[in-house]
Amino acid sequence: MSKEATIWLAILAVGAINYVARLSFIALFARRDMPPLLDRALKHVPAAMLTAIVVPAVVFVGQGVLRLDPGNAKLIAAVAALAVAAWRQSTTLTIVVGMAVLWLAQYALR
Amino acid sequence: MRAHFSRPAFFEGVRDMTPVLIGIVPFGMVCGIAAISAGASPLAALAMSAIMFSGAAQIVASQLIAAGAPLMVIILSCVVVGLRFLVYSAAMAPYLRPLDHRWRNVLSFVLTDQAFAGTIQRFRESGDLRANASYFLGGGALLWVVWQVATLAGILVGQVIPAPWQLEFVVPLSFLAILTPLFRDRVTLLVVFTTAAAVIALDDMPMRLSLICAGLIGIASGVVADTMRGKHE
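Sequence order for the protein chains is A and B.
Residue numbers are given in this note's numbering: position 20 of the first sequence equals residue 171, and the series is strictly consecutive.
Residue numbers are given in this note's numbering: position 89 of the second sequence equals residue 940, and the series is strictly consecutive.
Chain B extracted, bound-state conformation (with noise of 0.2 Å):
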């Protein structure tokens, strides 16, 4: 492990991983504040942010275990929420392949959103595979210590927040500004507005199985899609 660790590009991927924080600090906050309010002891609020470490599936755990959702209705959800990390394992396959295992396995864990999003471009343009691990880990490292501190002051403070100021919407615009650079795709496009139209639509269908639904929708939309416009090619 050792060997393939560079100092430097560590803490430059620290560095660079920085104004993420700016996002990631409220929305950890939120987490904390979404796992207690749902009724949460406090270690397992923070545990939530240590093993599951994905705020998309957080959020969605709370507000199923606010609503009394049995144990299967929330794993589910919490799966299909995830689903997008297998997209994110596959895109960075490439790159840490020749990696030797004990990288690979620390490097798959700090695997989130914002990671991907902040350090895909510079495996794509870089090919030192040594300092480009080392970026990573820094990146990932920095969000996932930073989390943990976020969400422990949800728990702690996160009440004392007047609710008129929403802190819980900077969830919804991180993941916008995620989603975003993607529309330029019209498949992509065609994604987002099926999926948008089916979860309003199935907005009363119990425990939340609209976002599942709705994704599922999203997603086939998009195959449909792929598979006219390659017969049009």
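Just chain A, same shape as in the assembly (with noise of 0.2 Å):
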């Protein structure tokens, strides 16, 4: 398969299963209640998920190279983003100091 093809169909396909996700209570079984070791498992899963995201993207550098010491401007500026989530529950805030964080940590660890 042409690498355009497989971009193509995964497009759809991932399209469609997660709009089928999105409606899946709203709409499809709306009349059923989840069963409860699903609904258990589920409530875990936007944690989970959203760390297996967010960590390999902060404690790697490069090709798989783990820095979990200061020399990692990363992992600075997340533990910054992290603080100030933690105090306000803003987006916009947690953005901006966590880009500033990381230009000033890669400047001053030049």
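Just so you know, not all the hints are guaranteed correct.
[Stated by the list, open to error] According to the in silico footprint, chain B covers these stretches of chain A (three or more CB under 8 Å from chain B):
| # | region |
| --- | --- |
| 1 | 160-172 |
| 2 | 194-202 |
| 3 | 209-217 |
| 4 | 255-261 |
[Stated by the list, open to error] Which residues of chain B face chain A? A partial, calculated answer using Cβ under 8 Å:
| # | residue |
| --- | --- |
| 5 | Leu897 |
| 6 | Ala918 |
| 7 | Leu922 |
| 8 | Val930 |
| 9 | Leu1024 |
| 10 | Thr1039 |
[Stated by the list, open to error] Chain B stretches covered by chain A per the calculated footprint, using a threshold of three residues with CB under 8 Å from any CB of chain A:
| # | region |
| --- | --- |
| 11 | 903-916 |
| 12 | 938-944 |
| 13 | 947-960 |
Just so you know, the hints here were simulated from the structure itself, not pulled from any lab data.
For every residue, glycine included, the Cβ atom is placed at its ideal position computed from N, Cα and C.
With the hints in hand, could you dock these two chains into one complex?
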């Protein structure tokens, strides 16, 4: 399969499946309650999946080089952003402070 | 559909979602840049934003396409990342069920992390279904339109933004902002730490399968912790 075909099939399949997931309890099984075990498992999905996306983007520099020390500017920026997000529940402020600290830390560590 | 539309609430939704754009615009640009650098055509890159309409899925798909992963791995990874839409759908369902199917079909399409995080509070506090639905539509519509414009900007001008700016870092930052309020729950903290440890330990897995595996390990840890806590109570 050509790369372009793979991309288009992925777009259509993921788009359709995501839409079904969004519709699920709002429309498709609107008259049903969720099975208890599924309910308990799904409750943890946002925390787990968002963590699984965020953590590698912060702790790895380059190709799979783990950096959990203050020499990693992204780690410093993420800690600052975490503090801001815990203090004020504001996405805007979290992003602004996070990017500012990232640039400052990169400059300072150069 | 018109019977449930409230113009003032729609524009209130648009207005209240505006501050979120500071994260959405660079995030959308990053999605455009990522798709193009993975080898997608500009049209496909835009279709990703218009049809998938999920930054996390688009970033994951672009990384896997760039790595030459097979179609099934791309779809499976995006579906696992998109499982959280089931959670948002379930949380919204009690409020949206009384609406007719056209409203529910449209509102479901614009259900994203940001739309959910920004509106669920209002649904919990106010019983005015007509105003709430229009409010959600306003916020969701703004996010969709701006998402397309931002992606297009990323496709067009993304390549000239200097790499040292690390614009792509707005992606983890915007998710961090959604994630942090959840930390107050102890089981959720356990899920976060377990997933974090697993995703680091499993990083060597091919085709970013570490994402799915670490996510499932984290979810399982939460279910086990809930079960144990339930027995103590």
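* Asked: When the hints from earlier in the document are held up against this structure, which numbers fail?
  -> 4, 5 and 6
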